[in-house]
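Undergrad: In case you want the letters, here they are:
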Amino acid sequence: MPGSWLLTVMRRYERMRLAGQVPVRKIAKHLTARLPAPSRALRQIDPRSVRVAAIQWPLAWPETVEDYCDLLVRWLRPALDQGAQLVVFPELTAMPLLATLPKTTGLADVTTLTVPIDDTLPDPALISLIDRASAWLSRMQHAIFEHAARLAGVYIQAGSSWVPAPDRQRVIHAARLYGPDGRFLLERSKSHLAPYERRLGIAADPQAPVAETLLGRIGVMVGHDLYYWESARILFLLGAQLVLVPFATVRPFNPIQERTGLWARVQENPVYGIKAAAVGHLFGYTFQGKSGIYGPAGVGSVQAGGVLASAEDPLRPDVITARLDLPALHAYQRQLALEQGFNPDLYERYFPELYQRLAKRIRERRKRPRLPQRD
Amino acid sequence: MKAARLRSGMRRVAALQFPFFAAPNLEAVREYLLKQMLKAQPHKPLLIVLPALTGLMPLRLLSGNMPQFNAAFREDCLRYGLAAEESLLDWARVLARTFDAYLVPGSSIVPGEDGLVHKTYLFDPDGQLIGEQAQTHVTPQQRAVGIVPADQFQTWDLEGIRVGIALDADACWPEVGRILALMGASVVINPSAGRLQASQVQQYTGAWQLAQSNQLFVIEAALTGVLGDDRFNGRSTVYAPFALTPRGDGIVAQGPSRRKAAAVIGDLDFRALFRLRREQPIAHRFHHALYRQHFPQRYRDRLAQVQAGGDNDGAAFSAAASQGF
Chain A
0 MPGSWLLTVM RRYERMRLAG QVPVRKIAKH LTARLPAPSR ALRQIDPRSV
50 RVAAIQWPLA WPETVEDYCD LLVRWLRPAL DQGAQLVVFP ELTAMPLLAT
100 LPKTTGLADV TTLTVPIDDT LPDPALISLI DRASAWLSRM QHAIFEHAAR
150 LAGVYIQAGS SWVPAPDRQR VIHAARLYGP DGRFLLERSK SHLAPYERRL
200 GIAADPQAPV AETLLGRIGV MVGHDLYYWE SARILFLLGA QLVLVPFATV
250 RPFNPIQERT GLWARVQENP VYGIKAAAVG HLFGYTFQGK SGIYGPAGVG
300 SVQAGGVLAS AEDPLRPDVI TARLDLPALH AYQRQLALEQ GFNPDLYERY
350 FPELYQRLAK RIRERRKRPR LPQRD
Chain B
0 MKAARLRSGM RRVAALQFPF FAAPNLEAVR EYLLKQMLKA QPHKPLLIVL
50 PALTGLMPLR LLSGNMPQFN AAFREDCLRY GLAAEESLLD WARVLARTFD
100 AYLVPGSSIV PGEDGLVHKT YLFDPDGQLI GEQAQTHVTP QQRAVGIVPA
150 DQFQTWDLEG IRVGIALDAD ACWPEVGRIL ALMGASVVIN PSAGRLQASQ
200 VQQYTGAWQL AQSNQLFVIE AALTGVLGDD RFNGRSTVYA PFALTPRGDG
250 IVAQGPSRRK AAAVIGDLDF RALFRLRREQ PIAHRFHHAL YRQHFPQRYR
300 DRLAQVQAGG DNDGAAFSAA ASQGF
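Residue numbers (numbering that gives the first Met the number 0), protein chains in the order written: chain A, 0 to 374; chain B, 0 to 324.
Keep in mind that the hints were calculated from the coordinates and are not lab data.
There could be a bad hint or two in this list.
[To be verified] Derived coverage of chain B by chain A (criterion: at least 3 residues anywhere in the stretch with Cβ under 8 angstroms from a Cβ of chain A; other residues may be distant):
1. 47 to 57
2. 102 to 111
3. 164 to 174
4. 240 to 253
5. 291 to 299
[To be verified] Label-pair distances were calculated between CB atoms; the ranges are:
6. G304/A - D228/B: 41 to 51 angstroms
7. S3/A - R6/B: 20 to 30 angstroms
8. L77/B - Q355/A: 36 to 46 angstroms
Ideal Cβ placement from N, Cα and C applies to all residues, glycine included.
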């Protein structure tokens, strides 16, 4: 219908106009002043000692984009000082940039939320914000982290943000990886969305890219993906050796639940895992850690427990680092020969059909009127 | 013996743990199994699970050889496996009836169409064999003696409870737990003969992880002690999602120590389980498009790549070490 077509065109125009207001030069200049010399960490690479860092980053609304960049550098610098070659930021890292949206947009101001965002949904103003500002947010994140990675001279996994999907029709929650020359290496969409994300209209993309880098093959999962073995298995099958996870949760830290996340995934798949957890306050939530770096317990260089590094306090910002031994991982992978244990005939019988049947049951259940629950 | 009366929505199960018994004759094996099951009797469980490899006790007597995973063992299984299985099934029929409980009497290794098959059985309280389940993911040691994986699962309804079986190492494969959960299982039975491993990894992987990832109860009955050159870790455990357990550690009940024979009794609270599933539905986050895109083809791709020697990490590491940026 002509009316809806016009609406679509207008929305697209608004998104582009807003995205065009990203102060790329200001960002570049500000970061250049704060990161004047690149790290030498990647001048010599020893695959037996790949140095990685996870930033337990404090989410908070900045006053200006310069404030945001200062906070970024403040937490990046300790990682660089410790010789990190790869730095991972948490989930939602770019979301605080919403506080620096040009005030003339007339879009909802999420910084004024005093209750969890989940309790306000479905709020049309918030949904409109995500729709209109995602392209702007994507450009902001790209401008900041592209320059940060190049100026720092290291690989940076830029946390995650709500950005336009490749088809430009939807918004996805995506994590990006940048190379030490600032090159954009991959974008991975969060696969297992929270209910509030779905209510916000966030979609999930099924692509699972793995980037070939000087530090090995890197894959990314986002947030709660780490509780679903399917995500990590797919990355292992695609050849990932390092799996990066920007993560954020509001649940109090539980050491038992910790064993059901990335630690478990690297025991199931012989890969290294680096999780950066968010702390701080955003969208009416208080986020808690802990960040961790994990390896398969059978790798010679990894302690028996499979934990290479862990943040001390789940509520405080932190930087944790570890050294990864890739030849040892490779030797362990060959010794384990996990692939020899696969049963493709079994998987063909049940995948993906069982999932599809479940999806159909869930859809049908949602259509049915709900009876009151008895305990 | 009727199952114990518990609070509505609860069911009692028993996971036995005991060492392999090198008995002097078949009757002694039968008495040994009976003696182990008597430990569970006062608790009147609905379901009793025995550890894996119980069928090797009659096999040893028939073949005259102590079972060890080698070429001779393979020959013994081919020659005597069915007869050993027959003995185990005969005892199981009687034991299930005697104790008026569903029974998983451990497992046997028998000849199959394409090789040896490691399988277990499910009996109802009338002593009827209602199902069998073979192992679907075999270990390198098992593969070396000719054990081949099965490619199918079943689930059964035990008085309103849907159960599936993950035999031995199957519990270590997340694919297995997911398939059984998607088939509707609320309980997964795991007769196991796990080897000794690093304790922290062992505690939180395998059957424990299966329970957490799929919001299931898992009943692990573990072989203990020594069998030939192998030592078994034998700590039978009943697992549940950690939010449902008294200490929040995912353990409903656990055997005393790795060497002792015991009956581990666990009360499964299905009301609590279903409430947890309603309040925290993991399936609602599934990404069906992702699974459709990658499963099952990526498994075949990876296997083909490895078999073709395409995993060139060794060379890649040398190259990376000589470069910088």
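Undergrad: Verify the coverage statement for the segment 102 to 111 of chain B against chain A, using a C-beta to C-beta distance below 8 angstroms and requiring 3 or more qualifying residues.
TA: Not satisfied, violated; 0 residues make the cut.
Undergrad: Closer than 8 angstroms, Cβ to Cβ, for at least three residues: run that test on the segment 291 to 299 of chain B against chain A and report holds or violated.
TA: holds (count 8)
Undergrad: Does 41 to 51 angstroms hold as the CB distance between G304/A and D228/B, or does it fail?
TA: This hint is violated: roughly 27 angstroms between Cβ atoms.
Undergrad: Given the hint of 20 to 30 angstroms, is the C-beta distance from S3/A to R6/B inside that range or not?
TA: violated, 57 angstroms
Undergrad: How about the segment 164 to 174 of chain B: do at least three of its residues have a C-beta closer than 8 angstroms to a C-beta of chain A?
TA: holds (count 3)
Undergrad: Between L77/B and Q355/A, does the C-beta distance stay in 36 to 46 angstroms?
TA: holds, 41 angstroms
Undergrad: Using a Cβ cutoff of 8 angstroms, are there at least 3 residues of the segment 47 to 57 of chain B near chain A, or does the coverage claim fail?
TA: Violated: only 0 residues of the segment 47 to 57 of chain B have a Cβ under 8 angstroms from chain A.
Undergrad: Can you take a look at whether the segment 240 to 253 of chain B is actually covered by chain A? Rule is 3+ residues, C-beta closer than 8 angstroms.
TA: holds (count 4)
Checked against the numbered hints given earlier, the structure breaks hints 1, 2, 6 and 7 and satisfies all the rest.
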